[in-house]
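Number of protein chains: 8
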Amino acid sequence: MTDLESYADLDLGRSERRGYPEAVYCAGKTLEQVAGIAAAVRSRPDVVTLFTRASPAHAEAVLGALPDAFHDPAAGLLAWPAPVPAPRGGLVVVVAAGTSDLPVARESMLTARYLGRETRLVVDVGVAGLHRIVSHLEMLRRARVVVVVAGMDGALPGVVAGLIAAPVVAVPTSVGYGAAFEGLAALLTMLNACAPGVAVVNIDNGYGAGHLAAQIAAP
Amino acid sequence: MTDLESYADLDLGRSERRGYPEAVYCAGKTLEQVAGIAAAVRSRPDVVTLFTRASPAHAEAVLGALPDAFHDPAAGLLAWPAPVPAPRGGLVVVVAAGTSDLPVARESMLTARYLGRETRLVVDVGVAGLHRIVSHLEMLRRARVVVVVAGMDGALPGVVAGLIAAPVVAVPTSVGYGAAFEGLAALLTMLNACAPGVAVVNIDNGYGAGHLAAQIAAP
Amino acid sequence: MTDLESYADLDLGRSERRGYPEAVYCAGKTLEQVAGIAAAVRSRPDVVTLFTRASPAHAEAVLGALPDAFHDPAAGLLAWPAPVPAPRGGLVVVVAAGTSDLPVARESMLTARYLGRETRLVVDVGVAGLHRIVSHLEMLRRARVVVVVAGMDGALPGVVAGLIAAPVVAVPTSVGYGAAFEGLAALLTMLNACAPGVAVVNIDNGYGAGHLAAQIAAP
Amino acid sequence: MTDLESYADLDLGRSERRGYPEAVYCAGKTLEQVAGIAAAVRSRPDVVTLFTRASPAHAEAVLGALPDAFHDPAAGLLAWPAPVPAPRGGLVVVVAAGTSDLPVARESMLTARYLGRETRLVVDVGVAGLHRIVSHLEMLRRARVVVVVAGMDGALPGVVAGLIAAPVVAVPTSVGYGAAFEGLAALLTMLNACAPGVAVVNIDNGYGAGHLAAQIAAP
Amino acid sequence: MTDLESYADLDLGRSERRGYPEAVYCAGKTLEQVAGIAAAVRSRPDVVTLFTRASPAHAEAVLGALPDAFHDPAAGLLAWPAPVPAPRGGLVVVVAAGTSDLPVARESMLTARYLGRETRLVVDVGVAGLHRIVSHLEMLRRARVVVVVAGMDGALPGVVAGLIAAPVVAVPTSVGYGAAFEGLAALLTMLNACAPGVAVVNIDNGYGAGHLAAQIAAP
Amino acid sequence: MTDLESYADLDLGRSERRGYPEAVYCAGKTLEQVAGIAAAVRSRPDVVTLFTRASPAHAEAVLGALPDAFHDPAAGLLAWPAPVPAPRGGLVVVVAAGTSDLPVARESMLTARYLGRETRLVVDVGVAGLHRIVSHLEMLRRARVVVVVAGMDGALPGVVAGLIAAPVVAVPTSVGYGAAFEGLAALLTMLNACAPGVAVVNIDNGYGAGHLAAQIAAP
Amino acid sequence: MTDLESYADLDLGRSERRGYPEAVYCAGKTLEQVAGIAAAVRSRPDVVTLFTRASPAHAEAVLGALPDAFHDPAAGLLAWPAPVPAPRGGLVVVVAAGTSDLPVARESMLTARYLGRETRLVVDVGVAGLHRIVSHLEMLRRARVVVVVAGMDGALPGVVAGLIAAPVVAVPTSVGYGAAFEGLAALLTMLNACAPGVAVVNIDNGYGAGHLAAQIAAP
Amino acid sequence: MTDLESYADLDLGRSERRGYPEAVYCAGKTLEQVAGIAAAVRSRPDVVTLFTRASPAHAEAVLGALPDAFHDPAAGLLAWPAPVPAPRGGLVVVVAAGTSDLPVARESMLTARYLGRETRLVVDVGVAGLHRIVSHLEMLRRARVVVVVAGMDGALPGVVAGLIAAPVVAVPTSVGYGAAFEGLAALLTMLNACAPGVAVVNIDNGYGAGHLAAQIAAP
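Chains as they are written, first to last, in numbering that gives the first Met the number 0: chain E, 0 to 218; chain P, 0 to 218; chain W, 0 to 218; chain A, 0 to 218; chain Z, 0 to 218; chain Y, 0 to 218; chain X, 0 to 218; chain D, 0 to 218.
Treat the hints as calculated values from the structure; they're not laboratory data.
Cβ atoms here follow ideal geometry from the backbone N, Cα and C, with glycine treated the same way.
Treat the hints with care, since some could be wrong.
What the hints assert, rightly or not - Incomplete in silico selection of chain E near chain P, CB under 10 Å:
no., residue
1, Y19
2, L120
3, N204
Stated by the list, open to error - Chain E is nowhere near these chain A residues, computed Cβ spacing over 12 Å in every case:
no., residue
4, D71
5, H135
6, A185
7, P218
Bound-form chain E, shown alone (with noise of 0.2 Å):
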């Protein structure tokens, strides 16, 4: 324990304190790092942890540590213990704009999922053919808050909050020809949506909108 305090101080009672688990941010740390938190995780069997923005190589290291945890590669995101807890609270609908927003689109579903809510995914539903998404429009009514996941031009949040009467969390993701500026333009188109009602989060922080959106959808 004296070496995983040299490089961490798990927040133990983040749990009680907010009510939600706790997550560790993979991206810049070590594989002895991850590997030593996994390992100390393993104690506290009782919350749920989340490993986010896992490489390959980390996810390997999680693993050796809880080798029955879950994991999602395309997410890049592991969760332990496995089971997904019963759901409460209203629907969380995420939409992904297009295809290569998935991953994106996955870490958000999969964590609110962990964090207890419902979920539903829709994908590849641009601005650019209107009829897509308004062909979901029923099961967008139907929910307590709904994730949207997209990049280039970022428009289709600003678009389904002017339809539906529940918040929308926005997430711009990097994906785009060169003035997207890796995920700028969608996140600017974003913050200035027309339609009020529109939460903005990080550049391709599902994590963020998943976490975000199941304290928006709690009982």
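The hints should help you fit chains P, W, A, Z, Y, X and D onto chain E, whose structure is shown.
For chains P, W, A, Z, Y, X and D alone, kept in the frame of chain E given last:
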């Protein structure tokens, strides 16, 4: 009415479609246009209409047509009809980090109030003196959502999000020294908040924050 | 005439070379310079000359030399000779997303009109209420080119491009809250539009958009 | 087909609605996803499908399902069915300012060609030696639209626009020394072109430019 | 003199050390400070002193102490003693792309002239009509250095550099529509000029360009 | 007092907690708010209170409640009680690169002085004439910390840091031509200073620099 | 030695002039250059020389010439001679907000230590859980200066500065999601910290922070 | 030759028109293209041709066609024919602020040398130790022009310009910590240099600087 159509297409159905009243963004509109819209609004007293970003001259134009409208000059906001709806849903707490953030915070609080939520306002509790925000912790934990308005470093929303279970709506303001870059610094801080659960809106957009908070705290 | 040469070299051959009249960009010119150019223009009534970005004082200077010029104060545009040429080529439809985008939209429409195109103007049809733009679909599909003027999130041009076969000329405006960054957000959105067929011009450049539209809709 | 639906919603109606074929943006898609889409495309040989931004691995995945597709490795573009449609409408001339701009220029030319336009390509005619572009003036003036692809200072589109009556589609490329900022400098130059008639698209977006040109030169 | 020392330390030795006179940058100085410096300057009539960026009030303050100073209000420049030195070294040609660039171009020309060079001024020869700059080619080729002042796309310096053997000093100006970003677009264009031989100075810095040109054309 | 609580929560304990007095940032506050705070301050004459960024109107509001306050209009600073505390700790030398940097330099010097340090001010010693700063070397080397205030290229702090053993507090100012970008250029220069030992603060933030210097030079 | 002079001019006098040892910035230097410098350093064992930003290959090159040098691979730092000097002056506490900030924090701590200060390291105490930093308050208040290393929102330095009397050296790191923009967000947060007393250095510049801290804590 | 025309239009007349040889910018060109150009160059040994930004693979391609070309791998530059022309005109001194700036400095020096100027190189004389640059003052003052190459804060060109009468060509490099932003910080510093007489070129553009210097020092 023909003249009105030459510059505005009021979205009369929005209240039914989304369940929230329409808002008229006055900045960039001429006094004649604002007066014309105010006159048209008079014919539908059943839903509240907000006029936001109203300069004193804009306000005068609105009050010419709707003399009994509510007007908060500091927030640049008018509402008609003036009576506040009976509150439903959860509590919305609005926090202003500094005195200079008050106009935006008031715009946010009044919007949530006219959209039917109970509201509270907390002022001058920036992170430079942590004891100030901590002293309000009991009220913050009663909220269904907390709106945090902050300029300069914009650090307060992340600190508040780390202390409570409810989501935080973060509003950067254009207050600060040169490298605040008119709110850009605070905006980036909020998007990068370490604590999950922070929903970011546009710089100085108190109306958008209040609307989003009302949706999150909806019954 | 010697004095004129000290500050301007009128491109008298431009009408022959490119087939379109010259425009005098007034911003940044002194009143004396604008008046001198207007006086020189009087000697060639066979081609239309436009004066763009004309402040009220600039307009007065032009009208001093060309009292019978056409003048649209909102658009900051003058034209001489005033009679509109008989329209040739295809239809140019100009769409303003919001009321605040009207001055730029009018500049665009008037430019196309004085360059010899038939024009239509549609107002206040932003993406926050999709039914508004959809209700104009029949007219949009009749156009040879559609100019879409939008501030804030600038999402409308991409949505329109997804609905029609004709090209869209997109004009970002400097309208919006702080993170609109004086039109930068809308500009990036338009450059990243998911639907192909969007031609972007400079922020608030209604003249450029009208000129480009007239070229696209040329007979 | 159920698997395809989990990551893509092909817009089969786009060809009817807009009159132009669909394009599959490969960047950001996995090889499995691209292969799945290619397999689905095989069932509709009546319209051309383009695959853009295809890496060699993407191309292999497409060619696995559509072995007789056209493939231009430099442009990263595939088309199926391979035969070029008979040209209709006006001439599209594509100009590459420098040799390094060729891949984007070819993507643009091939797109316009597969969308049914006659095309010509002109190479290495940057503004550092004006005589080079001027020597092509006769052909440029025959075009219904000219696509100009340029990196570094991006000055060529404005120069070309000043020489011809037809509109110019300007494509900035990410070619250049440090302060080119990956195409930002060229993008800004093009948006600020002194000569009217310049339609700007995203950095390195040859596909978008070719599509827009095909629309402008439509019969 | 004690008071002068509290806000300025005149670099009396600069003329000896560098061979060029001192310039007093008036912007940001109070009228009292400018007047105090002007009074101190009176004691050294042997070298020219320039006052740059002088508002009308600054100019009045200078002329109060040095009534016989030369003053060009458009350029915001004063010089004392007023007589122009006899020209030595090579010819400096200053080119203004548009009429709006004239004030900066005049500041540049006058600086070079007071630093002892022969100067010529060419106006309104932007790249939108190439024939205009080409018509001055003979004079441009006689120059030891050419200063080119341009706003908007800032493309002219690169075009001129491609036509002549002498170096070009490029001065971006803050003239243009929104995406000119107060001269940033022109600045980047000039830094990325395809033709070698372009020396860039700060936005609107006519003084710096004139000084640099005088050094390049020194005997 | 109830009214004061509606817009400010004075941090009366700050002096005990941190050992330094409170400062009231006037920019963005109304005159009523500043006057109310000044009135409240009168009840605690035992610690110094600073009012920074005070416009003339703000100053009048403060002086209405605290007529015997110290006021430096150029620095926009007031202090109450007015007597300067007896100096303790090390010497703070404040250097202004140019005359235009004087207001910020004075704000910095006065802050350090009211926080109890001995101070010296050196003016107009920019890097364009190195002999000027070198002539003050003996005094610079006596300082416990040197504050260097510079606009334009902001190069002076790095040069000073290379000459002395004490740390340098660098303050960028918003002085300069266009590409100074309101102090951004100087800010970046200072952050990238080749010589270690440079502590950077916000643009034009003389107060912050003076406070930091006082802490560094504390006994 | 002649070869060394072709690429480096070692500042042998720096230790005398400034009182601190020289540091060799390895990034951007070839292995041959680094090896050559290391060989030259061997002749002056009386002062410590640091090698910073050393990749594993750089480290090997240094160790080839100075086999008994100290080497911390995570921090990319070597020191020779290896023995740590006896500490003088005040205590330097280095705080790393997250585990990913550790390499920069270690570089900072080691630099201060080799410059002769006593150091302590505190890890993983970000603002998302305030109780973590508060639990170290007693040690923080014993420090003469605190170095705070933080990525993402960069909020920790401002919070720490509000809790203690000593100055804080803030180091932004390039850790975080997209809108962290490689440390820009954290940098701006720190420059805008509400609490005075924050000295900002360059992104990821642990060496600079450690050097500055050693100067501030000098005896 | 037909194949060459498909990707390059060699400007054979440039040497006559401008008096300087052509340079082939290799970055972004394929090996086949570079080899083809090199083969075409062999037919005109009367003028020097430079190949810049040549990777090792590019260099091999050039040397395949021109085996006796001069090659400097560090500078990424080749020249053919290899013999250096007899120097004419004034002396060009090239200064590299740090060792890491050497590749760009060498590219600059070699370009000037192959364009017919006498050159000298000075290395590692950054502003952190002023005595280093001052020790070369005599040679600097003999130059007709000085090229100063610097990364990080980019302060050296302004300091040199303040010491000499000749113009300075400033080359920012992409060397430095995070907030150097790949050379942007140094670029801005140089554009804002307090001392007049600084001509700025693109980041890392040693070729451009050497060319400009050769023009300035032309006989």
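Determine which of the earlier numbered hints do not hold for this structure and return their numbers in increasing order.
Hints 2 and 6 contradicted; others consistent.
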